[in-house]
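There are 2 protein chains.
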Amino acid sequence: MNYDHFFAEAIDALRKERRYRTFAEIERDARHFPRAVWHSPGGPRDIVVWCSNDYLGMGSHPAVIEAMCGAAQARGAGAGGTRNISGNSHEIVMLERELADLHGKESGLVFTSGYISNDTGISTIVKLIPDCVVLSDELNHNSMIEGVRHGGRQKAIFRHNDLDHLEELLQAAGDRPKLIAFESVYSMDGDISPINGICDLAERYGAMTYLDEVHAVGMYGARGGGVAERDGAMHRVDVIEGTLGKAFGVVGGYITGKRVIIDAVRSYAPGFIFTTALPPAVAAAAAASVRHLKDSQAEREGQRAQVAKVKAALAAAGLPQLETPTHIVPVMVGDAKACKMASDLLLAEYGIYIQPINYPTVPRGSERLRITPTPFHDDALIAHLATALSDVWERLELPYADRVVERANSRRVALGPAPIPLPVAGG
Amino acid sequence: MNYDHFFAEAIDALRKERRYRTFAEIERDARHFPRAVWHSPGGPRDIVVWCSNDYLGMGSHPAVIEAMCGAAQARGAGAGGTRNISGNSHEIVMLERELADLHGKESGLVFTSGYISNDTGISTIVKLIPDCVVLSDELNHNSMIEGVRHGGRQKAIFRHNDLDHLEELLQAAGDRPKLIAFESVYSMDGDISPINGICDLAERYGAMTYLDEVHAVGMYGARGGGVAERDGAMHRVDVIEGTLGKAFGVVGGYITGKRVIIDAVRSYAPGFIFTTALPPAVAAAAAASVRHLKDSQAEREGQRAQVAKVKAALAAAGLPQLETPTHIVPVMVGDAKACKMASDLLLAEYGIYIQPINYPTVPRGSERLRITPTPFHDDALIAHLATALSDVWERLELPYADRVVERANSRRVALGPAPIPLPVAGG
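Chains U and R supply the protein sequences, listed in that same order. The numbering of the first sequence is full-length UniProt numbering, which starts it at 1 and goes up by one. The numbering of the second sequence is full-length UniProt numbering, which starts it at 1 and goes up by one.
Think of the hints as simulated: they come from the structure by calculation, not from any bench. Take every hint as true, because none was put in to throw you off.
Same chains, same names: a pair is fine if it fits in one copy or spans any two.
For lysine to any residue, the following SDA-like pairs were computed, each having C-alpha atoms within a straight-line distance of at most 20 Å:
| # | residue 1 | residue 2 |
| --- | --- | --- |
| 1 | Lys16 | Arg259 |
| 2 | Lys337 | Glu17 |
| 3 | Lys258 | Leu14 |
| 4 | Lys258 | His5 |
| 5 | Lys340 | Pro360 |
| 6 | Lys155 | Pro177 |
| 7 | Lys258 | Glu9 |
| 8 | Lys309 | Asp391 |
| 9 | Lys309 | Thr324 |
| 10 | Lys258 | Met1 |
| 11 | Lys258 | Asp12 |
| 12 | Lys16 | Asp344 |
| 13 | Lys294 | Asp231 |
Using the sequences and the accompanying hints, generate a full structural model.
Put into structure tokens, the structure is as follows:
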């Protein structure tokens, strides 16, 4: 039997829908962040990265790099085993204490990625609560969706950030145990959830809360504890999940919470138990980053200032940005092919790298360029970005502010979160 | 509603069964591998690690550490994004080429861990094949079990390494598409699967093959391609999965295969798409390790020599080792409490760290100390190990060779693979 055609057809389907992805191969330059070299078809080219989730440039911070290299030299390149079998390095234990402290919780637990922390974290928590109903925001990240699915419990999806709808669903769940799973900053639209409002409902209806702060940790709150810290809500949330791979600039994920919850996840989660621990070098680098951002306000203030300037420059140019209260600046295109063309043109002719965001990461019709200014995108780079975008918008005759943003907003809720549409039934 | 008791009860259940796990906190010493410092309750203590999966000590190899530090300094501590959104570093692209070459395949794809490569790799492959039946060895690792489960296809479990049983199941599956999922070296018993025999059956019955070589890559075959390389079977296997976190000494996982298969997984696997890429520093370190082991035989020969010496020393002492054709040396205890006591005594009084392996990693009644000698466990360390084990066996009155090994062997097949028994129904 020939199996190739199954895979070839799956790829063809993506090409036909113009959502086959090619990855831009780049070499970031730690000494000149956010600059990088792009391995273009015609050879190496200098570019500026405008779409990184290394939101504060901490991946290039000397203290972080030094911590990584120091631990690699002293301890070696890897952990050598699972956490249980010789992989429980001093560095990862220290990192977990740093993270628990960051969120004002008793315990922290580090996973190989934010993805796996949500997937195995949520699924394990709900498996440990008999008859639990999971209430999940419709725009939750794929890793949370998978966690809820793998938990095998009944789920109820509430409309994005809609407290009334959440309350209806909580009422409908009656006396059953309930877990509310939501994010603070939603990555693609850059909006923020009403954490205290959700905690009010959780208290009123006796629900447990699980908050994903991956796009907020390091950047919001006086010590970088996230939006829950900023809003004075950290102590109200049962489990706070975060990542070491975005504003902290390294890689890995974690959860924090009461000791008894974290210990149960530690003891039961297959995606934690049966996997090699993160290297001491990674843990040391992440801990250095977390520690630095607990004290230093310079990166957060620098980011806010440059984000405001980018938003002002794009507004002045009449470009269709989605208004956000965060550091995420989506510029709406609304069409997969046009979005890819704009991105290609920016990269090839202006040395500006902004990956097109197409379905399934965002709903069809809301394709966009997602811009993430860091403290290191200086005023000259911002001016160049605004000029380049304006040029590209004219050359490709892309729609301006009024039309696209409206369309995207009207479609977003109707379409809901984007699952991976595998071209088979029963998957 | 109070949720704490759900978690507290789950932990209590583990304590009652004597399988609550505590992790030994250690600092590996890269300059004196396999030596480490154990953060004992009474303060720091010098120990020798005898249970690491850094099988060849490559995590401490200067070329590997240098590659990690060089890339960290040049590129920063992290990748800065998913593979699609600015995280596709030159280093990870080079690593994938190195891995494809290692296994003689067209393409390679790197994941954040071997766990996730199996979980999202297998589930995506079988979702792309309508009506697929998965034939899975009963002793497959948890990550493969989860991958099969998350794929949602019909599965048939064949008795461990049993070609007759596999053939029966292949016949029963008739004309439907079939995937055979198996490992080369089984981690806990240290035995090896009949790869060519399985490939014969796959060809006869038109099945696709997926082989996990995580406990073999780097160590078997002339270039470290694994048991399939050693047995001349690499070209017969459709997908070869491996890890960068064991013999290669770093962290991360991968699959290799035909371009069309790998490209489909790249395009559809949620655990690949929606997660931050491994840092360039990790990719560079792993590539240096893979490259080194393609040429150098010294590590493999050194390992074989020291493994043979350990086996001989334990045999001379009459200790109940499970005979294996590999580098894995299980010494059987057969009881969770005794296994933990032996491990504690070895660590506290002899400075020998061998984590007890209890249920659910192995079936109840087959609890063991799993010893993994590296090229760097010299003759003096081996002599010390044999003496210490003999002492501990006498002091704790543990059973000797004849009794335990028989019991373990007779129970193994009957019990089958150990699922995580979450204390709830419907999980």
